[in-house]
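First to last, the sequence lines map onto chains A, B, C and D. In terms of my numbering, the first sequence opens at residue 1 and continues consecutively. In terms of my numbering, the second sequence opens at residue 133 and continues consecutively. In terms of my numbering, the third sequence opens at residue 443 and continues consecutively. In terms of my numbering, the fourth sequence opens at residue 609 and continues consecutively.
A hint or two may mislead.
Stated by the list, open to error - Computed beta-carbon distance windows for the label pairs: (1) A:ARG67 x D:ASP826: 58 to 66 Å; (2) D:ASP755 x A:SER100: 40 to 48 Å; (3) D:PRO1059 x C:GLY550: 23 to 31 Å; (4) A:LYS44 x D:PHE950: 22 to 30 Å; (5) C:VAL583 x A:LYS44: 33 to 41 Å; (6) B:THR196 x D:ALA643: 31 to 39 Å; (7) D:PRO624 x C:GLY550: 40 to 48 Å; (8) C:GLU520 x D:PRO624: 48 to 56 Å; (9) A:LYS44 x C:ASP453: 22 to 30 Å; (10) A:ARG67 x C:GLU520: 30 to 38 Å.
The hints are simulated quantities; they were obtained by calculation from the structure and are not laboratory data. All C-beta atoms in this analysis are idealised placements derived from N, C-alpha and C, irrespective of residue type, glycine included.
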Amino acid sequence: MKIASMLNDVFVSLFKRPFTELYPYAAKPAPERLRGKLLWDEQKCDGCKLCVRDCPARAIELEVADRAAKIFVYHYHMDRCIYCAQCVASCKEGALSMSSTLYHLASADKAAFTEVYRAKGTGVCKEEETPD
Amino acid sequence: MNVVLALIALVLFPGGLFVILGSLAFEYADRKLIARFQNRVGPRWFQPLADLVKLLVKEEIVPTGVNRGLFNGLPVAALAASLTAALYVPMAGLAPAWGFRGDLVVTVYLLMMMTLCIGLAGANTLDRFSLIGSTRALTQLFSYEAPFLLALLGPSIAAGTWRISEVNGYARENVWMIVTQPLGFVVALIGLMGKLELPPFDAPEAETEIVSGALTEYSGRGLAFFRLGRDVELLVGLTLISAFYLGGLANPLHFILKTLALLFVTAGLQSLFARLRIDQTVGLWWRAGAVLALVQLLLLIVLKLLGVRL
Amino acid sequence: MMQSTLRKVLDKAALWSRINSPWLVHFNSGSCNGCDIEILATLAPRYDLERFGVKLQGSPRHADVLICTGPVTRLARERLLRTYEQMPVPKFVIAVGSCSITGGAFHGCYNIVGDIGDVIPVDVYVPGCPPRPEAIIDGVVQLLTKLKGAVPARARTAETPFGGAE
Amino acid sequence: MSGESAFSGIQDGVGPWISSSRAPADNRLDMDTSAEHLVGAVTAFNALKWGYLSAITGFDSGTAAPSDGHIEVLYHFCRGPSVATFRVKLPREDPSVPSIGPLVPSAVMYERELSETMGVNVAGLPGRKRQFLSDDWPEKVYPLRKDFTMESAAATHAEAPTVGGEDEPGTFIIPIGPQHPALKEPGHFELAVDGEIVTHANIRLGYVHRGIEKGAEDRSWVHNIYLMERICGICSHIHATAYVLGVESLAGVAVPPRAQAVRTIFCELERIHSHLLWLGVAAHQAGFDTLFMYSWRDRETVMDLLEELSGNRVNYSVNLLGGVKYDIVGKAADSIRRGLDFLERRLKRYLKIVTTDESFLRRTRGVGTITFDEANRLGTIGPTARASGVSRDLRVEAPYMAYRDFPVVPVLDSRCDLEARFVVRINELFESCRLTREILNRMPAGELSVPAPRKVPEGEVISRVEAPRGELFYYIRSTGGAKPDRVKVRTPSLCNWAAVLSVAVGHKLADIPMIMVGIDPCFSCNDRSITLRRRGAPGGVPGALEQWSWEDLRQYGIKYYAGGGR
């Protein structure tokens, strides 16, 4: 029976550098496989909607105006998304990927969680649209 | 003229403001040490001050079915008791602001007022957790109070006086009493930890069992006064023990070194042990604490009768 | 004139103290406890939120910020409301996890009565399933910065617990 | 031991009570019986001492044309890999079945769930009115019935019963939870203090009941992987693995060996993360915050590994139907090995602390002893059973996935008390580290996943895996559609709750809080609740329902100890 079995552990840790990472000031880089916010590549997407069907949380909506000319409207709900990357696995064209840097998604108003991207065959322009 | 001096002593220097700031500094040192023992960074230096001010500006909820006067009065009484106790103790190494023959007993009594107020506060509210918390606080009070008093009597018997400043003076001239009365020192230090309900003895406010014990219903000012009262009591207790056992406090440097050394020991003890159940604490005090204190006293009296110069 | 400057100084001090010592109380209203262990991980040595003054308190009476997780199940709804009402003003709410914002993976289950925003007013939402401890710390920092910019404490007083006309 | 011989003794043992029997799979035996013969069949079965009751499933075959509109109740008894099931067909109007609680104590909670969600009237079921559905749930509305609609479940605003507070003379009731610092999850304990020994314990969970089994019925097979994974945050991967194994065996998909190895590595890493978390929470519950801080600091190592491999610290979402998403390549394998070496050094340190620290041993040695036959009879599983010498570990008895080529050395302890459960869990972690290293060294090559059909052919499957807290039981039934017809989940903590509480009856009160922590309860795993009949206690009215609070449990034991009772 030892009375203070943690004694040397406690004493040693007094002189060791604390284990704490000073997060907001010194952020360690996140692993590159981190599943952060979903990124949609308008060029590769061919509007097959496999991702919309396989998403367990109804977080993606895709309106297809013209598949050939690649004119789509793509709604992404960050607050519904459960970051499981099933859509990335289901997408045959590799148009979807999860960013490993954008994971601080906290925000004060709910509207900011819904993002709408309009693809006009030429370039992608993201619009801040209030959720319909 | 001495009215002005007395007022300054009461409000500014050895009295109110200095003790409050000193106790906040000591709470910071305590939390920082525990955090460093647990290998983490711990709070910033102004954290206790921020906590205190935030609690003061928070809304105070008085639960229903509670004696309003008692609910608001108890925290003030607890803080007042510990602040007055600070006047009799050689704060900052200088002579105590007040002193008369027998002020040791008054100081110990004032220090005990805090636990009494917490016990009453817990019993006053109808919340079940605080009822359990107050019964535990009072049972623990009766377990450590006697050995703690005996442990403080040792040095005063050796010095032959009941006046703290004289015991302080006696301790300065002679061998440190931690050497001549080691048992008394141990009981006094552990007794102080029991009085302040520091971790091994924090059954009365065991967070995982009874939320926060007697203080569950308090918020805002009441909570701020209770927490501040406990910090002041920590400072006063440490000064008292270092004045008696660590060769008296001659000057502010002595005061700072010795009290911080004692704080280091208590912070270490806090992070070493799991929380004792209330019956284990009571058993520990009556079996170990009281016996040690009595043996120490017996030894002392016998030596004094034989005229040995301690 | 003297009165208003004193009032301004007091308000600044109150705001400073509120920003530097946000005490948390945690309530799990039906979460799978993935977010709860991440909240506890922020208090463990690696992230140690005590350096911001954050302390996990047991009783809602002692807390300023209610950090709640999980889609509100039918049984937990009344308790969530009662915990929120027990907290003294000024009080704030952080909803952690996608299911606390929109029901996340549990959308459509019969025992879910909606998300936390339907039961109590939420200040900061932290999506993620579960969000990383860094994201939760980011949520707390966002709340504190929101406090800085907010109108002095009078906005949420005892008469307008759900926040008066900002 | 091949399937047939495992069931040999059963047929003639329960012959008179069963009408017909068949073997749908090599390790399964189904026996049809009726409500009247059920008790006789189970009594005879008990006499054979063949296995333990693992779960009771109820499903509604629906009112659509093909099915003849009945409700079927399945009693699953398991021993090693084989599962013997009693099937009872009941009419849809007012189905009723006798309770087998007196024969098998752990059946009480499964029957409680059956009666509330499926509407099967279980005669003789003790306990309070509403166990895990909310108090304002309307009468006669059963969520797992096929004809259930969301509107029919509108709240009737029945006044929730006042919880605690009513003081009969001599009892002192404190409601603990659902908001309580000791409970990381909302559970509600109602216990009244009376008499010398623990006479009755009643727990009201239900706060985490989200209706996942019904939710699974209107989600596709792919969606359900992620729904099952979020039943419990700490053992997420094992839930998804059990579900995916079941669906793959139903759909006849052969998973490549490399995918099985990756899944097994994630199972073992999750066990390390879950046990370290538990070590911290148990220490925090006993007030030993330094050990909590240290164990959670070291746990960050395995969390970093999991995040590096899969991209998320808690819900790794590795599984696909037919394989895995992420591979474990050279660099990741090296960081795993480094992480495991560090963890093993720290675990040796914790093993020493847990077995020598004086203040800790006073709370664990000789506390909560579940004897070997008690553990056997009450159907305890997982580390709690292994600490009592009952060797129930599905990785050993019924190896699945990569456990077949990398056998697991069972970790057993015979001291049966709380300290043994600490020691068993820490030794299990040494075993997990060894196993992970071995798999990493001899990682089979091959692709990561094979395509799986979107519609699963008709049939039933029982999938059983070893979760960190014990055996996890999945029953999946498909009618050939794109969505499952019934998914039944029986989580490990359910069995341990019953065992620990029935051991608590007659036990000293002061030790019960630590006993509860000893089984590592996971509320979100079991959003059902347990009511136990009381053994006779002096002064109490036998059979009356008493209610105590968690805190009273502690308080009472303290008075008991203070009185010198050892």
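Quiz prompt | Outcome of range test on Cβ distance (ASP755 of chain D, SER100 of chain A; 40 to 48 Å) | solution = At 47 Å between Cβs, range holds.
Exercise. For the range 30 to 38 Å, tell me whether the beta carbons of ARG67 of chain A and GLU520 of chain C fit it or not.
Key: Between ARG67 of chain A and GLU520 of chain C, where Cβ atoms are some 50 Å apart, the hint is violated.
Quiz prompt | Verdict for GLU520 of chain C, PRO624 of chain D (Cβ pair) under range 48 to 56 Å | solution = Holds, at about 51 Å.
Practice problem: Given the range 58 to 66 Å, decide if the beta-carbon distance of ARG67 of chain A to ASP826 of chain D lies inside it. | Solution: Violated - the Cβ-Cβ distance for ARG67 of chain A and ASP826 of chain D, about 29 Å, lies outside 58 to 66 Å.
Quiz item: Does the hinted range 22 to 30 Å hold for LYS44 of chain A and PHE950 of chain D at CB?
Solution: Because 41 Å falls outside the window, the suggested range is violated.
Quiz item: Does the Cβ distance between LYS44 of chain A and ASP453 of chain C fall inside 22 to 30 Å?
Solution: For LYS44 of chain A and ASP453 of chain C the Cβ distance comes to about 54 Å; the hint is violated.
Quiz item: Taking the beta carbons of VAL583 of chain C and LYS44 of chain A, is their distance inside 33 to 41 Å?
Solution: 36 Å, holds
Practice problem: Return holds or violated for the Cβ distance of PRO624 of chain D and GLY550 of chain C against the range 40 to 48 Å. | Solution: Holds, since PRO624 of chain D and GLY550 of chain C (Cβ atoms, about 46 Å apart) stay within the stated range.
Practice problem: Look at the Cβ atoms of PRO1059 of chain D and GLY550 of chain C and judge whether their distance stays inside 23 to 31 Å. | Solution: Since PRO1059 of chain D and GLY550 of chain C have Cβ atoms about 28 Å apart, the given range 23 to 31 Å holds.
Quiz item: If you check the beta carbons of THR196 of chain B and ALA643 of chain D, does the distance land in 31 to 39 Å?
Solution: 53 Å, violated
Violation of the numbered hints given earlier is confined to hints 1, 4, 6, 9, 10; the remaining hints are satisfied by the structure.
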